[in-house]
Amino acid sequence: MAKNVDFHYHPKYERFNSIHICFAGDLLMYYRADLMAVNLMHVAFMKFSEASRLHANIDKSSIYIVGLNEHTKQSIVDSLGFTVGTLPFKYLGVPLASRKLGVDAYLPLIEKITKKITCWSAKQLSYAGRIQLIKAVLF
181 MAKNVDFHYH PKYERFNSIH ICFAGDLLMY YRADLMAVNL MHVAFMKFSE ASRLHANIDK
241 SSIYIVGLNE HTKQSIVDSL GFTVGTLPFK YLGVPLASRK LGVDAYLPLI EKITKKITCW
301 SAKQLSYAGR IQLIKAVLF
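Counting from 181, one number per residue, gives the positions in the sequence shown under this note's numbering.
Keep in mind that the hints were calculated from the coordinates and are not lab data.
Predicted model, so just to flag it, every value in this text is computed and none were measured.
Don't be surprised by glycine CBs; every beta carbon is placed ideally from N, CA and C.
Take the hints with a grain of salt, since some may be wrong.
Claimed, not checked - Listed below are the simulated EDC-like cross-link pairs for lysine to aspartate or glutamate, each with C-alpha atoms no more than 20 Å apart in a straight line:
id : residue 1 : residue 2
1  : LYS240    : ASP206
2  : LYS270    : ASP239
3  : LYS270    : ASP284
Claimed, not checked - Have a look at the derived ranges for each label pair, beta carbon to beta carbon:
id : residue 1 : residue 2 : range
4  : ILE290    : HIS251    : 36 to 46 Å
5  : ILE238    : GLY273    : 39 to 49 Å
6  : ASP258    : LEU313    : 44 to 54 Å
7  : ALA316    : GLU291    : 17 to 27 Å
8  : ARG279    : SER241    : 38 to 48 Å
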């Protein structure tokens, strides 16, 4: 895909030469949202589906488009057939957005992690041990 002159990386990920993240049966794809790149990715994804017999569930799939005029956005949506999602959304409990989120967006995640830590056997760890555990898990 990267060698195709019509394909353009998402500006924030170009230096990584990366266009996707896979985890636990989920696929997040990100790239510059122009109609040519979208069509190239769709064709590549369909070829992958044919070869692997793995298919996206259209009912569970969404497309997130940021920074485009409505006409271009609608052309992309029409060519793919996915529903349009809104940002921010949560993936594996982490809010994802097109720009930096404030601390308040992460509070539910922080509270969830805090609850998990307090009920672990970490109760028997010293304060320094807890800090070390948190650093090991989060960073």
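Tested hints:
1. With a CA separation close to 10 Å, the supplied pair LYS240 and ASP206 stays within the 20 Å bound.
2. For the hint linking LYS270 to ASP239, the alpha-carbon distance of about 17 Å falls within 20 Å, and the restraint holds.
3. Distance check on the hinted pair: LYS270 and ASP284 sit about 14 Å apart at the alpha-carbon level, within 20 Å; holds.
4. Between ILE290 and HIS251 the CB atoms are about 40 Å apart, so this pair conforms to the stated range of 36 to 46 Å.
5. At roughly 24 Å, the beta-carbon separation of ILE238 and GLY273 lies outside the given 39 to 49 Å, and the hint is violated.
6. The given range of 44 to 54 Å is respected by ASP258 and LEU313, whose C-beta atoms sit roughly 49 Å from each other.
7. In this structure, ALA316 and GLU291 meet the distance hint of 17 to 27 Å, their C-beta atoms being roughly 20 Å apart.
8. Taking 38 to 48 Å as the suggested C-beta distance range, the pair ARG279 and SER241 does not conform, at roughly 23 Å.
Hint violations for this structure: numbers 5 and 8, all remaining hints satisfied.
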